[in-house]
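Under the numbering used here, the first residue of the first sequence is numbered 1, with each subsequent residue one higher.
It should be emphasised that the hints constitute simulated quantities derived from the structure, not laboratory data.
Note that the structure is a prediction, hence the values are computed from the model and not measured.
Every residue, glycine too, gets a C-beta built ideally from N, C-alpha and C.
Do not take every clue at face value.
Once the Cα atoms are required to be at most 27 Å apart in a straight line, the calculated DSSO-like pairs of lysine-lysine come out as [what the hints assert, rightly or not]:
#, residue 1, residue 2
1, K176, K223
2, K112, K354
3, K503, K464
4, K61, K82
5, K205, K176
Label pairs and their in silico Cβ distance ranges [to be verified]:
#, residue 1, residue 2, range
6, N351, H406, 20 to 30 Å
7, S244, T162, 22 to 32 Å
8, E261, T162, 16 to 26 Å
9, Y360, P538, 27 to 37 Å
10, E181, K371, 31 to 41 Å
11, Q192, N351, 35 to 45 Å
12, A431, D286, 49 to 59 Å
13, K270, N351, 53 to 63 Å
14, A350, A431, 22 to 32 Å
15, A279, P538, 55 to 65 Å
16, K391, A480, 21 to 31 Å
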Amino acid sequence: MIKNEIVKQISTLLKGENLTLESISVEESSFGDYSTSFPLKLTKFKSYQTPIEVAKFFVSKLQKNTLFSEVTATEPGFINFKLNQKEAAKMLLEIIRQEKYYGKTSPNKNKKARVEFVSANPTGPLHIGNARGGPIGDSIASVLEKTGFQVQREYYNNDIGTQVDIFGDSLIALIKTKLGEKQEIVEEKTYQGEYLEELAEKIIKKLSLTSIETVQNKSEEIKALASVTLSEEIIVDCQAMGISFDEIIKESEFQSSGKTEKVVAKLKKKGLTKEKDSAVWFAPNDAYLKDRESVLVRGDGRATYFADDIAYHEEKFESKPDLVVNILGSNHHGHVPRLQAAIASLGFDANKFKPILYQYVRVRRGNEVVKMSKRAGNYVTAREVLDEVGKDAFRFLLLFNSANSHIDFDLELAKKHKADNPVYYVQYAHARLSSILKKASPLDLDKFDPGLLTTAQEFSLIKKILEFPDLVFELSESFAIHQLAHYSISLAELFHHFYEKDKVISSNQELTHSRLALIRATKITLENSLSLLGVSAPESM
RNA sequence: GCGCCUGUAGCUCAGUGGAUAGAGCACUAGUCUUCGGAACUAGGUGUCGGGGGUUCGAAUCCCUCCAGGCGCGCCA
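Let's have the full structure, built from the sequences with the hints guiding it.
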């Protein structure tokens with residue numbers, strides 16, 4: 001936490017000087033090893049008139065830290081820090097001691113976070129679009145844990161509603177056809193695909209359906225079984241992505257328990273609803289939402305998804321979390337402000353609510369866009385892609401882009417075992433690291449001398465390793481998880497550079513063991529990064 | 001019509017107020033008696049979609065226009 005250390009020192013000094021600043025940012029920089037421009041951002045100067053004078057003043061106070069070999073002020077008001085190479089190398093010992101805990105910090109100790117992701121409807125197999133939320137949510141949850149949060153991973157099962165009804169009707173129609181009834185009209189809205197056939201066969205067998213009458217009598221049972229079967233299948237797909245949930249929450253339970261009804265009544269009491277066309281609408285006093293009122297209870301008395309979701313979020317906030325993260329497909333962007341308004345109007349702190357919207361995924365095979373799957377009929381399933389490219393490439397490539405950008409997922413690239421496939425590049429580095437450690441005699445830290453790690457390659461690698469805890473902490477606030485994928489690539493790259501130039505195993509025992517310590521620390525850092533991404537770190541490939 | 005996201009090198013993308021805008025791929029030429037060649041070294045391209053504004057400073061913030069994707073239902 002070097003950057004954090006600098007920020008802390010500056011903050012203390014600022015207080016002493018009675019100067020305040022909203023945020024101090026420290027960045028890696030080619031002008032020093034770290035740099036900050038906060039003197040340029042001060043608006044309230046005391047006895048120091050210009051940014052450069054402020055910078056100089058702080059430099060005189062900061063220079064005493066042994067971690068830096070040089071602290072300088074440069075025009076127009078930057079402060080640059082040069083890391084002391086030997087002191088930095090010394091920190092490798094601590095990393096080796098911490099091992100899998102390296103990167104773990106505790107700013108969020110004793111805090112609770114709830115992360116909701118995937119939340120696909122049980123009306124078909126998980127598709128690649130919804131699946132993108134899986135790795136994103138899972139890795140964000142892991143990052144939060146790494147900064148001290150106690151995290152609950154949850155999946156919201158939308159097991160009721162119009163979509164589910166339409167799906168149920170399609171299924172029942174299909175079962176009837178299979179049992180001999182002639183269907184006259186096939187409606188456009190009906191669900192299709194091989195999976196529906198499979199499901200129909202399975203249900204006929206399980207419920208021993210023999211005639212149209214039995215289907216009629218057992219229609220509710222059929223729908224329930226279909227919903228459970230598909231939900232289970234989605235959960236199994238998630239497991240194949242390396243994801244397991246702590247909690248699966250069913251939408252139907254908010255209705256059956258009366259929680260939805262209660263929360264609608266609460267909103268009504270606060271005067272935030274109105275009745276129009278025999279339905280109950282959410283009508284908050286919010287300029288932005290004025291023309292976007294939406295229905296809570298339909299004309300026929302049934303609650304909408306929105307109402308249930310409010311009840312769900314009331315339940316979330318009543319558990320007193322410090323952070324509520326929702327990973328949603330970008331098509332939910334209209335839903336988010338409404339939900340936020342509802343959360344705020346129920347008296348909860350909407351600042352704790354962090355929705356993350358991700359854009360959709362298009363699947364390509366080379367230059368050709370893949371649109372449909374045999375199984376689902378009209379979209380590409382997560383399972384097909386997973387089976388074809390494997391969990392590691394699947395997760396890494398979905399986490400490689402920022403959530404805001406669209407992804408073209410190239411099946412051909414994902415399967416390539418070459419450098420243009422970044423996941424193999426990183427994994428290969430890890431296998432190489434393991435191989436060196438196996439080949440060498442066991443690491444003897446008594447022979448470790450930080451003063452021997454003096455080459456440019458060694459220093460760059462050490463700096464990159466030391467960035468890791470800072471990055472994890474930043475990600476716990478920015479949720480920009482793709483930066484972790486890029487970090488792991490850059491770490492692998494710096495290791496390869498070092499490997500080519502500096503020979504690790506030699507007759508010089510002190511140098512060998514000092515470099516082995518660097519190798520060990522690199523391996524730990526790479527492993528911990530990959531572990532947060534949910535990608536395996538192979539010992540050999 | 002309204003809203004959200006995107007537009008950065010030939011391609012795929014990083015970079016959201018800092019200093020000379022960066023990687024990877026592709027392309028060309030090299031590096032194997034040496035710890036794993038799935039690697040490394042060297043070579044260079046940019047109206048940061050266009051225009052205007054804010055300020056010491058803008059790819060980044062604001063306005064506007066253009067292009068692409070998505071959404072806008074008593075769907076979820």
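So, going through the hints one by one against the coordinates:
Among the hinted pairs, K176 with K223 is consistent with the structure: their alpha-carbon atoms are about 14 Å apart, no more than 27 Å. As the CA atoms of K112 and K354 are separated by approximately 14 Å, the hinted pair is consistent with the 27 Å bound. Only pairs whose Cα atoms come within 27 Å are accepted, and K503 paired with K464 is accepted, the gap being roughly 20 Å. Between K61 and K82, the direct Cα distance comes to roughly 15 Å. Compliance with the 27 Å bound is thereby established for this hinted pair.
Between the alpha carbons of K205 and K176 the distance comes to roughly 13 Å, so the proposed pair stays at or under 27 Å and holds. Between N351 and H406 the beta carbons are some 29 Å apart, a value that agrees with the proposed interval 20 to 30 Å. At about 30 Å, the CB distance of S244 to T162 agrees with the hint of 22 to 32 Å. Roughly 19 Å separates the CB atoms of E261 and T162, a value that falls within the hinted 16 to 26 Å.
A beta carbon spacing of about 31 Å between Y360 and P538 agrees with the range 27 to 37 Å that was offered as a hint. Hint check: E181 to K371, Cβ distance near 32 Å, so the stated range 31 to 41 Å holds. A hinted range of 35 to 45 Å holds for the C-beta pair Q192 and N351, which are about 44 Å apart. The hint said 49 to 59 Å for the Cβ distance between A431 and D286, and at roughly 54 Å that hint holds.
As the Cβ distance of K270 to N351 is approximately 20 Å, the hint placing it in 53 to 63 Å is violated. Checked against the hint of 22 to 32 Å, the C-beta distance between A350 and A431 comes to roughly 46 Å, which is inconsistent with it. Between A279 and P538 the CB atoms are about 56 Å apart, so this pair conforms to the stated range of 55 to 65 Å. Range check, K391 to A480: Cβ separation about 22 Å, and the 21 to 31 Å hint holds.
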